[in-house]
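Protein sequence lines correspond, in order, to chains A and B. If you're matching positions, the first sequence starts at 1 in our numbering and goes up one per residue. If you're matching positions, the second sequence starts at 1001 in our numbering and goes up one per residue.
Certain hints may be false.
Short derived list, chain A residues pointing at chain B, Cβ under 8 angstroms [what the hints assert, rightly or not]: (1) 14; (2) 89; (3) 101; (4) 149; (5) 178; (6) 181; (7) 184.
It is worth saying that the hints were derived from the structure and are not from the lab. Each residue gets a CB set at the ideal place from its N, CA and C atoms; glycine is no exception.
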Amino acid sequence: MPITPTPGIPPQGTVLPTVRLLAGTLRQALIPENGGFRLARVLPDGRQADAGLAAVRVLGADVLTPFVVNGLTLTAQDAALIRTAVRAYPAPQAPASEVSLWGVRDAALVRALAASGVDATGWEGLAPAESPARLLTLPWVAMAAELVRMTGAAPPFAEQDVRAHLARRHLDVGRGLVRALLRRDLLSAARLARWLGPADARLTAPVLDYLEIAGTDDARVTLETAITRRLMTGASPEA
Amino acid sequence: MTVLAEPTATVRTETRALIGAGEAPHCPSPGSEKGAGLLLLALLLSADPTQDEPIEDAFGGVLQNLTCAAAF
């Protein structure tokens, strides 16, 4: 039976559990003591292979976090796997808002691949590159909502000018973060904390402490908090 | 790794929905299942968390607060 998407509510199929599985594995891979990490080793095989590739597409540049942050070597096999995922789930042609979102995410993916030594120029399925800079002029509620959707382009994959612009609007990002916490929307809060990062460490630090406890049962939340923690302090997540 | 030739329409739709998903549309109530994890964590912090006191008074009354929040 086809899944009819409801705005704001991801459908519950085979992809979301795989995304959570991969997010949990990526969090573990951020611990340097855990050694090497290979995407090809952790993704499901056989009948679940399409869900695995979909999970790679959903997490976007974040699948490269262990390679970029820990300096691990991205193997040709893993790079080929990411390329297969991009081709299998190409960027949409419409509507414009979705094309823009995928453009921001794919631009971050290309930057992450470049940082890992892979030139993704001309890959089939990538959206035309977009910058989130234009979103940073929106009122704070709308801006925070857009930043939540574009978490794949957040640090460490954000462009320098975007980071500088966000640093100037750190109060507005902080307001969005507090709003997400008040709504008990932990994933949004974790994503906004990642965007905010050290620009307002007085807010980010206690929020990370809280999210690491309250969001412990959602691997996507724990991945976001682990990335932010690592970027802010260099500390690895606890095993 | 075995790669399927063509993802199903269902998986494509779910993938696009997950990528496009933004803020959670609903706020879970205080004391909902998102709070249950905190309760469990609080109980796991100590083998004898109440120190022989009523459970409602443990952790500075936080359990009592959560109970009241769930009730109202």
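How the hints compare with the structure:
1. Annotation: residue 14(A) was flagged as interfacial toward chain B, and the flag holds, the nearest CB pair being 7 angstroms apart, inside 8 angstroms.
2. Because the smallest distance between the Cβ of residue 89(A) and any Cβ of chain B comes to about 5 angstroms, under 8 angstroms, the interface hint for this residue holds.
3. For the restraint placing residue 101(A) at the interface with chain B, the shortest Cβ-Cβ distance is roughly 7 angstroms, inside the 8 angstroms limit, so the hint holds.
4. The restraint placing residue 149(A) at the interface with chain B holds, with a minimum CB-CB distance near 5 angstroms, inside the 8 angstroms limit.
5. A hinted interface residue such as residue 178(A) counts as satisfied when its beta carbon comes closer than 8 angstroms to some beta carbon of chain B; here the least separation is about 14 angstroms, so the hint is violated.
6. Interface restraint check for residue 181(A): the shortest CB-CB distance to chain B comes to about 11 angstroms, outside 8 angstroms, so the restraint is violated.
7. Interface restraint check: residue 184(A) against chain B, minimum CB-CB distance 5 angstroms, threshold 8 angstroms, status holds.
Figure legend: structure checked against the earlier numbered hints; hints not met, in rising order: 5, 6.
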